[in-house]
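Chains B, C, D and E: place on chain A using the hints.
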Amino acid sequence: MSLSAETKEKLKRARELRGVSPELLARQKENIRIQKAILEGALEPISVPDLAQNTGISSEIVFWHVNALRKYDKMVDVKKSGDYWLYKKK
Amino acid sequence: MSTVESPDTNAPKILIITTIASSYTGANTVGQARAQYAPNTYIMRVPDPVMFPEDFYLRCFEKGFSGIIIMSSGSDCPYEGAYGRLSARVGRVYLTMREKGIPTNRLKLTTVCTVCKHAFLKEIDDMQKVVREQAA
Amino acid sequence: MKYDTLVIGAGIAGLQAALDLAEQGRQVVLVEKNPSIGGRMISLSKVYPTLDCASCITTPRMASVAHHPNITTLTYTEVKQVIAQPDGTYHAHISKKPRFIEEDKCIGCKRCEEVCPVYIRDDFEHNLGAKKAISIPFTNAIPQFPVLTPDQCTWCGACANACPVDCIDYLQEPRDIFVEVGAVLVATGFELTPFNAKPQYGGGVLPNVITSLQGERLLAPHGPFGRVLRPSDGKVPDSIAFVQCAGSRDASLGVPYCSRVCCMYAIKQAMLLSGSLPTADITIYYMDIRAFGKGYEAFYQNAKAMGINFVKAKVGRIRAGEDGNVFLRIERQEESSQPEEMNHDLVILSLGMKPQWNPKTLAWDMETDLDGFVKSPDAPMDPATTTCAGVYACGTATGPKDIVDTIIEAGNAAMVVGNHLARGNA
Amino acid sequence: MSNLEPNEPHVGVYICHCGGNISDVIDVKRVATELGLHPNVVISREFPFMCSDAGQKLVIEDIRSGKINRVVIAACSPMLHELTFRKTLQRAALNPFLYEHVNIREQASWVHKGDHEGATQKAIRLARAGVEKILLQDELEEIQAKATKHVLVIGGGPAGLKAALNMAARNLRVTLVEKSSRLGGHLHELDTLYPSGESASALLAKLLAQVNESPLITVVVGTTVTAWDGFVGNFTATLSSGATVNAGAVIMATGYDHVIPAGGEYNYGGDPRVTTLPKLIEHLKTSAGKPLVWNGVPVKSVAFIHCVGSRQTEGVHAPQADGKVNDYCSRVCCTAALHSINVLKARQPDLDIYDLYRDIRTYGRGHEAIYEQASKNGVLFFRFTEDAQPEIREHTVVVKDILTWGEEVEIPADLVVLVTGIKQGAVGELIDMMKLPVSSDRFLQEAHPKLRPVEVANNGFFLAGNCQAPMDLVESSAAAGAAASKIAALLSKDYIPLDPYVARIDSEKCTGCEACIPECSYTGALFMNEGTKKAEVNAALCKGCGACVAVCAPRALDLAGWSIAQMEAMVDAMVTEVPA
Amino acid sequence: MAIQINPKLLPDLMAYGAGDISACFNCGNCTAVCALSESGASFPRRMIRMGQLGAKKELLSAAEPWLCYACGECSQTCPRAAEPAEYMASLRRFQIAHLDPTGMGRLWFKVPAFALLVSLALIGVFGAFMISVKGSKVFPEWLFSNIVAYEAIHHVGMIVGAVLVVLLLMSFITLVRRSGILPLLKGRNPLGALLWLGKEMVTMKRHGDCEAKSVKPIPKHKDPRLIHLGIMWGFIGLAIATSLDFLFIYFLGFTVVWPARIIGTIGGLAMLAGVSAAIWRRVADPEAGTRHTRFADGWVLFFLWVLAVTGFWLEVVVTIRVQNIVHDWVLILHAAMAMELVLLFGMTKMAHVIYRPFMLLKYRLEQTAVGNG
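Order-wise, the sequence lines are chains A, B, C, D and E.
For the first sequence, position 23 (counting from the first letter as 1) is numbered 22 according to numbering that gives the first Met the number 0, and the numbering increases by one without interruption.
For the second sequence, position 111 (counting from the first letter as 1) is numbered 110 according to numbering that gives the first Met the number 0, and the numbering increases by one without interruption.
For the third sequence, position 180 (counting from the first letter as 1) is numbered 179 according to numbering that gives the first Met the number 0, and the numbering increases by one without interruption.
For the fourth sequence, position 191 (counting from the first letter as 1) is numbered 190 according to numbering that gives the first Met the number 0, and the numbering increases by one without interruption.
For the fifth sequence, position 316 (counting from the first letter as 1) is numbered 315 according to numbering that gives the first Met the number 0, and the numbering increases by one without interruption.
Looking at chain A on its own, in the form it has when it is part of the complex:
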């Protein structure tokens, strides 16, 4: 399904009216980078601290994104290992 002409026009107007801040774009780019790194790093079940260490991203941010990806069905929790759960790309 493609956008109707009317919606396209509205989208264009919305962009003009509200704009997209550089900060927002930068954050979005960063989020995409982090999620990519997480998904690539979680081909096999892995814990958040290990994932954080492997990707060099802080464990707090990794954990937030792991849950974001879990919520939208891109990751699953596999099992508990020690004090941590292991997560995997779906």
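Please keep in mind that the hints were generated in silico from the structure rather than gathered at the bench.
Do not take every clue at face value.
Below 25 Å or equal to it, Euclidean Cα-Cα: the simulated SDA-like pairs (lysine to any residue) are [to be verified]:
no., chain 1, residue 1, chain 2, residue 2
1, D, Lys375, E, Ile2
2, E, Lys212, C, Met341
3, A, Lys89, D, Phe46
Residues from chain E that keep clear of chain C, each with C-beta distances beyond 10 Å, as calculated [claimed, not checked]:
no., residue
4, Ala54
5, Val162
6, Phe171
7, Gly191
8, Arg293
Label pairs and their computed distance ranges (CB to CB) [said to hold, decoys possible]:
no., chain 1, residue 1, chain 2, residue 2, range
9, C, Asp165, D, Gln89, 31 to 39 Å
10, C, Asp237, D, Gln89, 44 to 52 Å
11, D, Ser179, B, Leu57, 50 to 58 Å
12, B, Pro102, D, Lys323, 32 to 40 Å
13, A, Ile60, C, Thr278, 25 to 33 Å
14, C, Lys303, D, Asn537, 47 to 55 Å
15, C, Ile106, A, Arg14, 23 to 31 Å
16, C, Ile106, A, Ile60, 31 to 39 Å
17, D, Ala345, C, Asn301, 38 to 46 Å
18, C, Phe177, D, Gln89, 27 to 35 Å
19, B, Leu57, D, Lys323, 37 to 45 Å
20, A, Ser20, C, Asp122, 15 to 23 Å
21, D, Ala345, C, Glu333, 31 to 39 Å
Note that the Cβ used here is the ideal one computed from N, Cα and C, for glycine as well.
Coordinates of chains B, C, D and E only, in the frame set by chain A:
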């Protein structure tokens, strides 16, 4: 069709007849407290067990229940005279059970209130022992 | 449009009062500023002292309100102004915020949310979880419409592209609604006292120091992590502390009053935690345990019997330890006077309640008390009455209180509002 | 596709996950699949929250599409949501009684956490039993009871007065019955009220004036209810005066009694220098601003001891008359004591006051300020635990004080005030007669603390104030308003809808043996029709206990919605095997 | 043995400045938030509770008031706004006042009007003494020397000096007795503790620890530790300079710029800066630790400030060798105030110079005893 029978399918079953006013709520209280008991227990909810004719209990035994606990409201019963009638009726059921050779401890009339958590669990525990002995 | 009553706020107080009024045959317009009705209660895990799940009690009420023929529900809508009329009625100016979707077309299919590429912090999960820049607020939300967050949207068009009914409207503007009502009921609820009010506690700085509402979400069946884990690294916490009076009974925070619910919700959360983490150590640091309601003391004693530690101490400082752990500094009161640092891996600050909304913003003659909550000048006999004729209040708008007390107050408010309307008709 | 005849029952089965409350233990998919195999089940689904709007919508759509005409929902306890789903069926224009609620949470998933297989099998059997029951269910119709637009309020304290005034404001006639010789209850005892400081007498005078002015309120003092009959919409109370009152609903506003310290607790009764808070308040009320003199001796120091008769522990405290201790908190005493302390301090700033507490529970709006004021007034606080009670000695009180790290502290005291709690009033006979449920704290039990906080499970009974639990004036006023609000809705129409679960007779089968007649305890509910010589039931008077059903040899009698055939079908379903 | 209650002590304590402490509900926040509170030296709540119970003996012997440096964190975070920091300050005043055998110390702290009168009167007396002794040109010579013989004045001065020494000795004996330091010294070599004390006094490390934990960073110009170090080292510098000055003049007949004058100047500057900052902190932007400054405490700061300023004045005058009547007045004022400060040393805040090190020593002995035991 071949079905693998779970151990539970053959496990002795206990029917628990509860009253809406007291013991059914009591059973919920047990759940709210997350107390644990075995799942071979089937709780039936009725306004008052006084409604059951004597043959109902015998039929339950015939059909496969190993034990029956009637958890009445006792003195809290909202229905006038019902408890007296019920205990008289259970007395008559015991007579028939004896005649038929069914151990009378497989039927128990007791009182459980809305917050009688311990009484509820104790009754189940006691009956579990009875039905296990019967099965053995 | 004319109604008998305007109810502001569709939390449990507003829902209950609206239902009671509707059952008495009154026409109610119920205004909620959030995208869904249900208020704070719908986000709670379970509720004391019965440990019923909060959704199990709230959702049916939400459904009853949504379907009641005498109740008109306006969500994502704010009351801008209320003007008293000479005849004793009120005119209200209400503004409907744009969801950026056409509500009459939307089928709540969630396709837009699935395709949206922008992950943002989920306010329903108190930022612990994620949502999309366009998303349905939460699973049980009523109505099931998505909301687009304009300042986080990159206007990529993905949602419109995916919408099967073409209901995305990127240029939607706020819409004005005017209603005439015979009486107003303020049920605007509470918000938590500020997380960072006491910098010594590290609220908002230390990731493993969380608010009590975040604690609720951790324990909720559909919580952000699916189970109880600590936010810094997803560890299953083994030692959890509750810091009581972290936002109340503290003149230095400007909240000298008791928030009334924190003792009980902390005990409840502690019990739920010990249920889901049977080996964890759970400690509640308190000044006085205020288990005052019906069945509450027994609840408290049960918690003690379950092995939850109660330590009488006001926590002085919280600092970061190693590996995300957190140290709490207390005075060991029951043994000696010596201070001691307690090591925990998750800390829940039992924050208090402050009013969600200041009615003075509507520029009417409705007064608030020193504590910031709506003033009840006739409190002993008429707790719902305010300083403004024809305007009533209930629930946490008139001071901190728990769900049981709120529901009773809401019932009373429905009575008093109904009496006011009856007088008007006579 | 089902091959059922259109007029046959088509059952829809819905298994609720209840978040994870059920689905974490019970394999809900398997339950749904298994139930789908039943010949009469045409739809079998599982869903995260059946009680949510989306869940209810699902049921409505399935009914409206014509696929199903019977509904079984396996979820939480029916106490919570049976009514919710009845209303759902109503919205879908289906008879609301063609619905069976199966409890697989409180009585399965929550209590069999460690046995997922056992719990799942049990859930399957229970759901099947639900299906069997509903297959034998007929369309029941609500019974409509006449709504007498007259309310009986029992108790003339502030809660009763407030409830009466509220209902009179809605044109409901009220009879207010008060046991003692005057209205006002405990308001007469009080001096000033917290937190406002206003005079209790002035407030009472205002209330009484309003009650006197109302033409709709009939006040009967010095009177008790001696006999009770009837049902919601049409109760009959016989008063001690011999008069009868017809009422559609009744508000219990019977209030509370003060706990009297038992068995010489803290030397009460033996030592004249030991008194209770209510007695002190009475003294404050009558001594009008004068310095404190007790038994003719001027008092220089007073010690207050909290939690007397409240928060009691077995083994530490002597039991009450019924053998149980008062393990509940009396809620109002902390603030009441501190308020009185401030009154004393205002009169007599040099009075030394000591306060011995376990937890200070100044929870309410404005209460904490009263506590703070007491501190600032120089009151010295001590904290003790339940296992180390303070000890009364000659002119001193000795306590192991937590605030001083468990050191023993000796406190000078010319007068010791025991801050006594609140207990259920002497209404045992009344509530036995009315058959009202009582909670473990002996107060009257509400139907549900959140869903129905001012209603009793027994239809037509409502609670206002301290008969339900200790509360202060603000709270009991709110409770009185809430109870009145429920009655205003209940009596707003000319009839009250009632559950149709009453005895009914198949006159074809009735042999006229009359065996059932003596079984019935309710006059007029079951009788022999002299013409037909068969038994008949008056549905409005039948309580639905089923006592008559058990003795009916030809099985002509049955309880609507609870027939023996239904129960037997359930038993059969419960014992039927479940494939693993 | 049960603790006996004395409810009358707290009102008395509150007269020393702890006006809000009755609001305390014993939550323990102050002790928990305090960076210096520790096992065996727990405060402020332990002290507050002792005050509430009326345990006067414990309060008078406690080292804890002197372990507190009034950072104010407890007062800032006190849930009842009971000002525990101010209470600790009051306890210091209380101890000082109760050390004074004349009992005047109590009035000095509790009654500002009394303190003001005494202070002014003493300036007058000492001023007169100076005028008469030095034979100033401020007044005609006959005014003093004709009425009071120089010898008489001298003798009176000697007697007053002797009384002062006796009083100070009595105070010190009381201090030693009350503090309970003697049993701690039994069979122990106090050298380690003394060394620790010396190091602590030089660096005021504990004061620094206290500030390091403060949630709000403290700007240097308001840093109470720096201010105190300035005043303290300035004072010591001046003392050294004065002694050197005296020695040089006594033995050589003249003084030298280095080291006496330079040390004196640096010391004077440090003290002036410290005192000015301390006054400014109290006046311009009072915080938890400074908003309750009592007259008796402000008096000390005021005296020190005037002494510093007049000291410099005289320094300049001596250097440029200008003489006139104004300078004479300044000299008299300087000397009179200095004398008053010395006389009142034992009953004013100045006594902390003895008290704090003494109690720190006791604390150290206690802590190390606990460590050894």
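Comparing the hints with the structure gives:
The hinted pair formed by Lys375(D) and Ile2(E) meets the criterion: a straight-line CA distance of about 23 Å does not exceed 25 Å. With a C-alpha separation of about 17 Å, the suggested pairing of Lys212(E) with Met341(C) holds against the 25 Å cut-off. For the given pair, Lys89(A) sits about 23 Å from Phe46(D) by alpha-carbon distance, which is consistent with the 25 Å threshold. Consistency note on Ala54(E): stated as away from chain C, and its beta-carbon is indeed over 10 Å from all of that chain's, at 13 Å minimum.
With a least CB separation of 41 Å from chain C, Val162(E) remains clear of the 10 Å interface cut-off, as annotated. Against chain C, the non-interface label of Phe171(E) holds: every CB pair exceeds 10 Å, the least being about 29 Å. Against chain C, the non-interface label of Gly191(E) holds: every CB pair exceeds 10 Å, the least being about 23 Å. Distance to chain C confirms Arg293(E) as a non-interface residue, since its nearest Cβ pair spans about 23 Å, more than 10 Å.
Separation of Asp165(C) from Gln89(D) is about 35 Å and conforms to the stated range, judged on CB atoms against 31 to 39 Å. Checked against the hint of 44 to 52 Å, the pair Asp237(C) and Gln89(D) passes, with Cβ atoms roughly 50 Å apart. Restraint check, Ser179(D) to Leu57(B): a C-beta distance of roughly 56 Å satisfies the suggested window 50 to 58 Å. Checked against the hint of 32 to 40 Å, the pair Pro102(B) and Lys323(D) passes, with Cβ atoms roughly 36 Å apart.
Between Ile60(A) and Thr278(C) the beta carbons are some 29 Å apart, a value that agrees with the proposed interval 25 to 33 Å. Range check, Lys303(C) to Asn537(D): Cβ separation about 53 Å, and the 47 to 55 Å hint holds. Distance hint check: the CB atoms of Ile106(C) and Arg14(A) are about 27 Å apart, consistent with the given range 23 to 31 Å. At about 35 Å, the CB distance of Ile106(C) to Ile60(A) agrees with the hint of 31 to 39 Å.
Checked against the hint of 38 to 46 Å, the pair Ala345(D) and Asn301(C) passes, with Cβ atoms roughly 41 Å apart. About 34 Å separates the C-beta atoms of Phe177(C) and Gln89(D), a value consistent with the hinted range of 27 to 35 Å. With their beta carbons about 39 Å apart, Leu57(B) and Lys323(D) fall inside the hinted range of 37 to 45 Å. As the Cβ distance of Ser20(A) to Asp122(C) is approximately 20 Å, the hint placing it in 15 to 23 Å holds.
Evaluation of the 31 to 39 Å hint for Ala345(D) and Glu333(C) yields a pass: the beta carbon distance comes to about 34 Å.
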